[in-house]
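2 protein chains.
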Amino acid sequence: MEKRTIKLGILGLGTVGSGVAKILLETSKNINQKMKKKLELAKILDKDLTREREIEVPAEIMTDKPEEVLENPEIDIVIELIGGVNPAKDFMIRALKAKKHVVTANKEVMAKYGSDLLDLAEENGVDLYFEASVGGGIPIIRSLKESLTANKVEEIMGIVNGTTNYILTKMTQEGADFADALAEAQDLGYAEADPTADVDGYDAAYKLSILSAIAFGSRIDINDIYLEGISKVTQKDITYAKELNYVIKLLAIGKEVDGKIEARVHPTMIPNNHPLAAVNDSFNAVFVKGHAVGELMYYGRGAGSMPTGSAVVADVIDIARNIINDANGRIACSCYEEKELKSINEVVSKYYLRLQVIDRPGVLAAVSGILGNNGVSIESMIQKSKTENGVPLILVAHQVNEGNIQTALNEIDNLAEVKEISSLIRVEGEECY
Amino acid sequence: MEKRTIKLGILGLGTVGSGVAKILLETSKNINQKMKKKLELAKILDKDLTREREIEVPAEIMTDKPEEVLENPEIDIVIELIGGVNPAKDFMIRALKAKKHVVTANKEVMAKYGSDLLDLAEENGVDLYFEASVGGGIPIIRSLKESLTANKVEEIMGIVNGTTNYILTKMTQEGADFADALAEAQDLGYAEADPTADVDGYDAAYKLSILSAIAFGSRIDINDIYLEGISKVTQKDITYAKELNYVIKLLAIGKEVDGKIEARVHPTMIPNNHPLAAVNDSFNAVFVKGHAVGELMYYGRGAGSMPTGSAVVADVIDIARNIINDANGRIACSCYEEKELKSINEVVSKYYLRLQVIDRPGVLAAVSGILGNNGVSIESMIQKSKTENGVPLILVAHQVNEGNIQTALNEIDNLAEVKEISSLIRVEGEECY
Chain A
6 MEKRTIKLGI
16 LGLGTVGSGV
26 AKILLETSKN
36 INQKMKKKLE
46 LAKILDKDLT
56 REREIEVPAE
66 IMTDKPEEVL
76 ENPEIDIVIE
86 LIGGVNPAKD
96 FMIRALKAKK
106 HVVTANKEVM
116 AKYGSDLLDL
126 AEENGVDLYF
136 EASVGGGIPI
146 IRSLKESLTA
156 NKVEEIMGIV
166 NGTTNYILTK
176 MTQEGADFAD
186 ALAEAQDLGY
196 AEADPTADVD
206 GYDAAYKLSI
216 LSAIAFGSRI
226 DINDIYLEGI
236 SKVTQKDITY
246 AKELNYVIKL
256 LAIGKEVDGK
266 IEARVHPTMI
276 PNNHPLAAVN
286 DSFNAVFVKG
296 HAVGELMYYG
306 RGAGSMPTGS
316 AVVADVIDIA
326 RNIINDANGR
336 IACSCYEEKE
346 LKSINEVVSK
356 YYLRLQVIDR
366 PGVLAAVSGI
376 LGNNGVSIES
386 MIQKSKTENG
396 VPLILVAHQV
406 NEGNIQTALN
416 EIDNLAEVKE
426 ISSLIRVEGE
436 ECY
Chain B
6 MEKRTIKLGI
16 LGLGTVGSGV
26 AKILLETSKN
36 INQKMKKKLE
46 LAKILDKDLT
56 REREIEVPAE
66 IMTDKPEEVL
76 ENPEIDIVIE
86 LIGGVNPAKD
96 FMIRALKAKK
106 HVVTANKEVM
116 AKYGSDLLDL
126 AEENGVDLYF
136 EASVGGGIPI
146 IRSLKESLTA
156 NKVEEIMGIV
166 NGTTNYILTK
176 MTQEGADFAD
186 ALAEAQDLGY
196 AEADPTADVD
206 GYDAAYKLSI
216 LSAIAFGSRI
226 DINDIYLEGI
236 SKVTQKDITY
246 AKELNYVIKL
256 LAIGKEVDGK
266 IEARVHPTMI
276 PNNHPLAAVN
286 DSFNAVFVKG
296 HAVGELMYYG
306 RGAGSMPTGS
316 AVVADVIDIA
326 RNIINDANGR
336 IACSCYEEKE
346 LKSINEVVSK
356 YYLRLQVIDR
366 PGVLAAVSGI
376 LGNNGVSIES
386 MIQKSKTENG
396 VPLILVAHQV
406 NEGNIQTALN
416 EIDNLAEVKE
426 ISSLIRVEGE
436 ECY
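Chains A and B are the protein sequences, given in the same order. Residues 6 to 438 (this note's numbering) are what the first sequence spells out, left to right. Residues 6 to 438 (this note's numbering) are what the second sequence spells out, left to right.
Just so you know, these hints were derived from the structure itself, not from any lab. Mixed in with the good hints there might be a few duds.
A pair holds if it fits inside one copy or across any two, identical chains being indistinguishable in the list.
[As the list claims (entries may be wrong)] Below, computed lysine-lysine pairings styled on PhoX-like, alpha-carbon distance capped at 25 Å:
#1 Lys70 / Lys237
#2 Lys117 / Lys391
#3 Lys43 / Lys117
#4 Lys41 / Lys157
#5 Lys241 / Lys424
#6 Lys247 / Lys27
#7 Lys39 / Lys265
#8 Lys104 / Lys175
#9 Lys175 / Lys27
#10 Lys34 / Lys237
#11 Lys39 / Lys150
#12 Lys294 / Lys150
#13 Lys117 / Lys237
#14 Lys391 / Lys241
Keep in mind the model is a prediction, meaning the values are calculated, not measured.
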C-alpha cells in the first residue's frame with residue numbers, strides 16, 4: 006500500500022531546529038494544502054531531552070538516540086540541524102546510505118565535504134538539499150540551480166555574514182570603533198564570544214565556496230579562497246569612503262573571467278548607489294550578474310530561527326514533491342568542470358589606498374611615479390591637512406592587477422617620505438552603473 | 006525508442022523571442038551540460054519572415070504557419086512570446102490541448118485567463134509556466150511556488166513597472182516634471198507612444214493579479230484591483246516627500262490581513278531606508294513579507310530581451326527536467342481558496358495629505374478637528390510659508406482606515422478656509438523598521 010504521509014526526522018533541536026519544528030507543527034495545514042501527501046514530523050533527536058525550549062513538542066516524538074531517526078524505516082527525510090562537522094557529517098552519511106533524503110543548514114559540512122556527500126546522495130538515489138546553508142531565508146541556492154540556468158554567471162557578490170554587516174553598519178552610521186561595535190554585536194547575540202569565524206571571514210568563505218560551486222560549476226577548496234576579515238577596518242577608512250561616495254562591506258566575491266575563477270572574501274568599497282550599499286544591520290544579500298539576466302539581487306534575513314527554518318522547510322517540501330512524483334535527483338547533475346582558480350595577484354580590481362606621508366615637496370611625485378611605472382593609474386585623490394603624524398594621502402586607483410599594486414606598494418613603502426601604508430581596500434561594483 | 010532531445014517551438018520572434026532564441030542558440034552547450042537530454046530549438050513562428058532581425062536564425066526553422074508549431078508532433082514545449090490576448094491565448098489553448106507544455110511571458114493572458122489555462126494544462130497533464138510574466142528576469146514566481154512554501158505570505162509590494170519607475174526616478178533625482186520625464190522615457194524606448202498601460206497602472210495590476218494568486222492562494226479579478234496611476238504625482242509632492250524622508254514609488258501592493266486580501270496599485274510613499282526606496286531607473290523589485298522568512302526582496306531587470314529571455318529559458322529547462330523525470334505537474338496544486346477582497350475603504354494605511362488653505366487663524370484647528378473626529382491622528386505636519394494661492398499644509402496621518410480619511414476629506418473640502426485638497430498619497434513600509 007502506498008504511504009499516505011511523508012515522515013520527517015529532525016537532528017538537533019537548537020535555534021534552527023526549533024524554527025523548523027515550529028513551522029512544521031504550527032502551519033501544517035497551510036503546508037499540506039500545497040501537497041498531494043501530508044508531511045509528518047515523526048522524530049526529533051536532541052542530546053538533551055530536559056532543557057527548556059521555546060516551543061512545545063509532543064514528548065513521544067523526542068529521542069536522544071540517533072538510530073531512532075537514522076535507522077527508522079518510517080522516516081523519509083532527515084533534517085540535519087546540529088551544525089559543525091561532528092557528528093553532523095557522520096549522521097548525514099548514515100542517513101544517505103540508508104536511502105533517506107537529507108536537508109541540511111550546515112555550511113561547514115557542505116563547504117568542506119559537500120562534493121562527496123552529493124555524490125553519495127546520487128549513488129543512493131536520494132536528494133541532498135542545503136538552501137539554508139547560505140543566506141538564511143534567502144532562496145539563493147534554488148535560484149542558481151533552477152532560475153538562472155539559462156545564464157553564464159559572471160559574478161557573485163554577497164553580504165553573507167550578518168555579524169560583520171551589523172558591525173560595519175554601526176561603524177558607518179554611528180561612527181563606532183570596531184571594538185565597540187563588536188562588543189555591541191556580542192551583547193545582542195549577533196556575535197559569538199569567540200567571534201573569529203565571523204570577523205575573520207571564515208563563515209563567509211564557507212558560503213562563497215558553496216555558492217561558487219553552483220554558480221560556476223567548479224568546486225573550490227575553501228583553503229584556496231583569499232581571506233581578509235574586518236578587524237583592520239578603521240573609522241578613518243569609513244570616513245574617507247563616505248567622502249568618495251563609497252561604503253565598506255565585507256563581501257564574498259566570486260567571478261568567472263575568461264574561464265578562470267576568482268574567489269575572495271575581504272572588506273570592499275562599493276558605490277553608495279550600488280544595491281548592496283543599502284543592505285544594513287544583520288541583513289544579508291547576494292548580488293548576481295548573469296550574461297542574460299544582467300544584475301540581480303536577493304535581500305533578506307541571513308540567520309535566525311524562523312527565516313532559516315523557512316529555507317529548510319522549503320527544501321523539505323521540494324524533496325517531498327520529488328518523492329510524490331518519483332522524481333528524486335531531478336536537478337542533480339554531474340556538470341562540474343575543473344576551472345583554474347586565480348591567485349589574488351591575478352585579480353583585477355580597483356583599489357583604495359591610504360598612506361601616511363611626510364609633508365615635503367616631491368612626495369606626491371614620487372608616489373605617483375611608482376604607481377605609474379607599475380601600470381597603476383589614479384582615478385581620484387584626497388590630500389588631507391597635516392596631522393601630528395604627517396599627511397594622510399588617499400588614492401583610488403583604476404582597475405589593475407593586484408600584483409601590480411602590491412609591487413608598487415613595496416616600492417612606495419621604501420620611500421623615505423612614506424611613514425606608513427595604512428590601508429589597501431579593494432573597490433568593486435561600479436561597472437554596473 | 007526514447008527521444009534523445011526535447012524539442013522547442015517559439016511563437017513570436019520580437020524582442021523577447023529574439024532573446025530566447027539567442028540564449029538557446031548561443032549558449033546551448035552551457036545549458037545542455039545541465040540536462041540529461043538536449044534541448045533543440047525546432048521551429049519559430051513569426052508572421053513576418055522577411056524583417057531584419059538582431060539575431061541570425063537558421064532559415065529552415067522559421068515558419069509563418071502556426072500549425073507547424075502547434076500541430077507539430079515533434080515539439081514538446083511551446084514558448085508563447087507574441088504578447089497581447091489575441092491570438093496568443095488561442096495558440097496557448099491549442100498547444101495545451103495538443104498536450105504540449107507551454108511557457109509564456111504573457112502577463113495579460115495570465116492575469117485575465119491564467120486560472121482557466123492552468124486548469125486546462127492540468128487536465129492535459131502538461132505544465133504551463135509563466136515566470137517571465139512578472140518582473141522580467143527576476144525569479145519571483147518560482148520563489149513563491151518553491152522557496153516560500155513554508156510561509157504564510159503576509160505582504161507583497163512590488164515595483165513591477167520599469168517605465169513608471171524610470172519616470173519617478175527622473176522626477177526625484179533631477180526635479181523633472183511628469184510630462185518631461187515621460188517624454189524622455191518615450192525617447193529612450195522605455196515608454197510606448199500610448200503610455201496608458203504603464204502610466205495608469207494597468208501593467209502593474211496584471212502583474213499584481215498574477216503574484217497575488219500564487220502568494221495568497223486566492224484568485225483576484227483584475228477589475229477588482231484598486232488602481233491609481235502616476236500622472237497626478239507632482240514635483241511638489243516629491244519635494245515634500247524628501248523633507249519627510251520618503252520617496253514616491255508606484256507600488257503594486259497585495260496583503261492578507263485576517264484572511265482578507267488587499268490588492269491595489271498606486272503611488273506610494275516609502276521611507277528612504279526601505280529596501281524598495283533604492284530601486285531606481287527601470288529596475289524592478291518585489292518585496293515579500295512571510296510569517297517565517299520575514300522581509301525578503303528580489304531586485305533586477307524587469308524587462309528587456311535577454312533578462313526576460315533568461316526567465317523564459319529557465320522555465321523551459323524546469324519543464325524539460327520534469328519531462329526527463331516524468332514529473333510534469335510536479336508543483337501544480339488545486340490549492341486555491343476564495344478569500345474576500347477588501348474594498349479600498351477597508352484598507353488600513355498611513356496617509357500623506359497636502360492641502361492648500363487660506364492663511365487665517367483657526368484653519369489648522371478646523372482641519373485637525375475634523376481629522377480627530379474621524380479617528381485620524383496626525384504623525385507629522387509641515388506648514389509652509391504663504392504663496393499667491395494660500396498656504397500649503399502637509400500632514401502625515403497615522404495608520405487608519407481609508408474610509409475614515411475619505412470621510413474626513415469630504416468634510417475638510419467643505420471648509421471655507423480650504424481652497425484645495427491637492428494630494429492624498431498612501432504611505433507604506435514603515436512597519437519593517
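Results of checking the hints against the structure:
no.: 1; hint: Lys70 / Lys237; verdict: neither (45 Å within a copy, 66 Å between copies)
no.: 2; hint: Lys117 / Lys391; verdict: neither (49 Å within a copy, 69 Å between copies)
no.: 3; hint: Lys43 / Lys117; verdict: neither (34 Å within a copy, 32 Å between copies)
no.: 4; hint: Lys41 / Lys157; verdict: between (35 Å within a copy, 19 Å between copies)
no.: 5; hint: Lys241 / Lys424; verdict: within (17 Å within a copy, 53 Å between copies)
no.: 6; hint: Lys247 / Lys27; verdict: neither (43 Å within a copy, 42 Å between copies)
no.: 7; hint: Lys39 / Lys265; verdict: between (42 Å within a copy, 19 Å between copies)
no.: 8; hint: Lys104 / Lys175; verdict: neither (47 Å within a copy, 57 Å between copies)
no.: 9; hint: Lys175 / Lys27; verdict: neither (32 Å within a copy, 46 Å between copies)
no.: 10; hint: Lys34 / Lys237; verdict: neither (50 Å within a copy, 44 Å between copies)
no.: 11; hint: Lys39 / Lys150; verdict: both (22 Å within a copy, 9 Å between copies)
no.: 12; hint: Lys294 / Lys150; verdict: both (15 Å within a copy, 23 Å between copies)
no.: 13; hint: Lys117 / Lys237; verdict: neither (27 Å within a copy, 57 Å between copies)
no.: 14; hint: Lys391 / Lys241; verdict: within (15 Å within a copy, 45 Å between copies)
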